[in-house]
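So the sequence lines, in the order shown, correspond to chains L and S.
Heads up: the first sequence at position 95 corresponds to 95 in the working numbering, and the numbers run straight through without jumps.
Heads up: the second sequence at position 115 corresponds to 115 in the working numbering, and the numbers run straight through without jumps.
No lab work stands behind these hints, which were simulated from the structure alone.
Just so it is clear, the structure is predicted and the values come from calculations on it, not from any experiment.
Beta carbons are placed, not taken as given, at the ideal position from N, Cα and C, and that holds for glycine.
Where hints are given, some of them may not hold.
Label-pair distances were calculated between CB atoms; the ranges are [said to hold, decoys possible]:
#1 S:Thr135 x L:Ser6: 24 to 34 angstroms
#2 L:Glu52 x S:Thr5: 21 to 31 angstroms
#3 S:Tyr421 x L:Glu96: 16 to 26 angstroms
#4 S:Phe147 x L:Glu52: 51 to 61 angstroms
#5 L:Ser49 x S:Glu62: 32 to 42 angstroms
#6 L:Asn9 x S:Tyr421: 48 to 58 angstroms
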Amino acid sequence: MKISTSITNHGPVLLKLVGEVDAHTVGRLDQTLKDLVSQGHYRLVLDASQLEYIASKGLRSLLLTQREVSQLGGEVRLFGLTAPVRRIFELAGFDELLLICHTRQEAMEGW
Amino acid sequence: MPKDTSVLTIPNDAFYLPIVGAYVTTEAAQLGFQEADIGDVRLAVDEACTHIIETAFEPGEEQAFTISCQRDPSGLKITIADQGLPFDSHAIPDYDAHGGLDRELSGLPFYLIQRAMDKVRFVNKGRQGKELRLTKYLQVPNIEAYFPPEELRPYDTAVEPAPSAKYACRLMEPADALHIARCVYKTYGYTYPGEQVYYPERVVSMNQSGEMISAVAVTETGDVIGHCALSGQPGEPMMEVGQAVVDPAHRRRGVMKGLMDLLMEHACQQGLTGLFIVAVTVHPFSQRAALRYGFRESGLLLAYGPRAVHFKKIAGQQLPQRETVVYGYQPLHQEPRSRVYSPSQHRSIIARIYGNLGLEREFVSLEPPRHADSRPSAHEAPPFSLSTEIRSALGIAVIEITHCGPGIEGEVKRKLRDLCYEGIDVVYLNLPLGDSHTPLICPSFEELGFFFAGIRPRPTGLTGPQGISNRDLLCLQYLNGPRIDYDLLQTYSDFGKELVQYVREQDPLA
Numbered sequence: 001m002k003i004s005t006s007i008t009n010h011g012p013v014l015l016k017l018v019g020e021v022d023a024h025t026v027g028r029l030d031q032t033l034k035d036l037v038s039q040g041h042y043r044l045v046l047d048a049s050q051l052e053y054i055a056s057k058g059l060r061s062l063l064l065t066q067r068e069v070s071q072l073g074g075e076v077r078l079f080g081l082t083a084p085v086r087r088i089f090e091l092a093g094f095d096e097l098l099l100i101c102h103t104r105q106e107a108m109e110g111w
Numbered sequence: 001m002p003k004d005t006s007v008l009t010i011p012n013d014a015f016y017l018p019i020v021g022a023y024v025t026t027e028a029a030q031l032g033f034q035e036a037d038i039g040d041v042r043l044a045v046d047e048a049c050t051h052i053i054e055t056a057f058e059p060g061e062e063q064a065f066t067i068s069c070q071r072d073p074s075g076l077k078i079t080i081a082d083q084g085l086p087f088d089s090h091a092i093p094d095y096d097a098h099g100g101l102d103r104e105l106s107g108l109p110f111y112l113i114q115r116a117m118d119k120v121r122f123v124n125k126g127r128q129g130k131e132l133r134l135t136k137y138l139q140v141p142n143i144e145a146y147f148p149p150e151e152l153r154p155y156d157t158a159v160e161p162a163p164s165a166k167y168a169c170r171l172m173e174p175a176d177a178l179h180i181a182r183c184v185y186k187t188y189g190y191t192y193p194g195e196q197v198y199y200p201e202r203v204v205s206m207n208q209s210g211e212m213i214s215a216v217a218v219t220e221t222g223d224v225i226g227h228c229a230l231s232g233q234p235g236e237p238m239m240e241v242g243q244a245v246v247d248p249a250h251r252r253r254g255v256m257k258g259l260m261d262l263l264m265e266h267a268c269q270q271g272l273t274g275l276f277i278v279a280v281t282v283h284p285f286s287q288r289a290a291l292r293y294g295f296r297e298s299g300l301l302l303a304y305g306p307r308a309v310h311f312k313k314i315a316g317q318q319l320p321q322r323e324t325v326v327y328g329y330q331p332l333h334q335e336p337r338s339r340v341y342s343p344s345q346h347r348s349i350i351a352r353i354y355g356n357l358g359l360e361r362e363f364v365s366l367e368p369p370r371h372a373d374s375r376p377s378a379h380e381a382p383p384f385s386l387s388t389e390i391r392s393a394l395g396i397a398v399i400e401i402t403h404c405g406p407g408i409e410g411e412v413k414r415k416l417r418d419l420c421y422e423g424i425d426v427v428y429l430n431l432p433l434g435d436s437h438t439p440l441i442c443p444s445f446e447e448l449g450f451f452f453a454g455i456r457p458r459p460t461g462l463t464g465p466q467g468i469s470n471r472d473l474l475c476l477q478y479l480n481g482p483r484i485d486y487d488l489l490q491t492y493s494d495f496g497k498e499l500v501q502y503v504r505e506q507d508p509l510a
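Sequences and hints are given; from them, build the entire structure.
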């Protein structure tokens, strides 16, 4: 799995996830999110357009981050979910927990 | 290895999870699953394998485990087997998919497995490890997709008998499946337990795989007006008789007898050694028919079916309580005498059941241990082995002990607690009567609230571990909530009444 990060001065941080998040690769996601939060970045947007799969460990990583940043005035948002990944979010009830946007623009604006 | 089965063995290392994912994804795609179902299969298997890798072995222990895929026309069966620690379900809390941000997540993996697959079964084999068996059915249209509503209305309650006709009984052909599904639907609505019968393509595939053997009765014009089937696992020596329906306009003309005669003959030709049947107690007619065809009562399974079973033209539409059934058995061959180890408190009724069935059994008495440590120690005795099957559609679960061993009482207690917590209405517990430990452990289960249900005979001559040649089961039952009004149970025979009376006396809530 690959993660690329774009940090701008005033906007949210954009993370692009490419590949799969499972028990083997989730550590990288965990560390990336942890580092961003510790650096004071609480507005996080995940581009999931090339995310092929996410396991419960990946969902857990997102939820724990959302818990933390929401207390600091921030939020985790996603956009570009493919049908298979969206289904996993819906099965787990995570579509009720995290804001899933239709477009990148919607996710990046309105903070 | 059969051609329809493949096996992948991997080390207990998360590195291999994508390989497992590719394996099961390809299997599912080859079978023709839709994208969403392929994703479900991958998710369930990935979560299960992750759990094994993380919890089944000691830290640093290098082991391997297997994932096998068996495909058949109805779908895909996946078995994940490891020889690690037993699955401790009571340590996993529930997962609330509608909880807030502070929801507990430790139950999420198993929640996803349950939601993604159509059937999930855990089999704990003690020191021999465990298996997680997952089933995903191919999505096929149900009967409502084939007929307009007016052709699926329930059979007319005041129907005139059809003009006299000749009927032919034969084994099902694929084109009959639509009409079978419609017959069942017009008789039961959507309430018949065993939903597969409402999907014509599954009826075809199950007949092709041998899980079902359907017989139909047709008129001279080729109309399907009756059905009955044997169902079970291919290769097993026993099958269940059921799904018996006859168009009301053609009843009382020997149609069901013709179907039964055909199926009995086919069962003998296939080498089956026994047949069983469950007959409802909301009315006595099914029991009467079962007796007529040679079945004899051996058990009373309380609250077996949901309340919503309707019988068109026979009884009232809404049942006042969950449906209780009589379990009936019929051997197809003369069975040799075999030994059973009966709990002394039930010996008399068990002997009467065997007499009712016409089965010869030798009762072996065991002296109870005088001291707690006179039983074999954990090091001397072989490990226990049991399986648990949850039938969500019926709201029941069945725990079957294959072999008694140290710790079995605690394991059953934990499983009972978990099942009750999940809202299962009835838990049946099957104990091997050919196992000398059964009389010793039965009281422990009765102290938990289990009580007598009956006997499930199984063909003798099969050898299990340690050369046990009798495989009959003593059935106990536990009611998690439902209370039975025994006065509403209708039985046909005197022995049926005797069985009801005995079970009632054993029921701690009666």
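Structure-inconsistent hints, enumerated in ascending order = Of the numbered hints, 1 and 4 do not hold.
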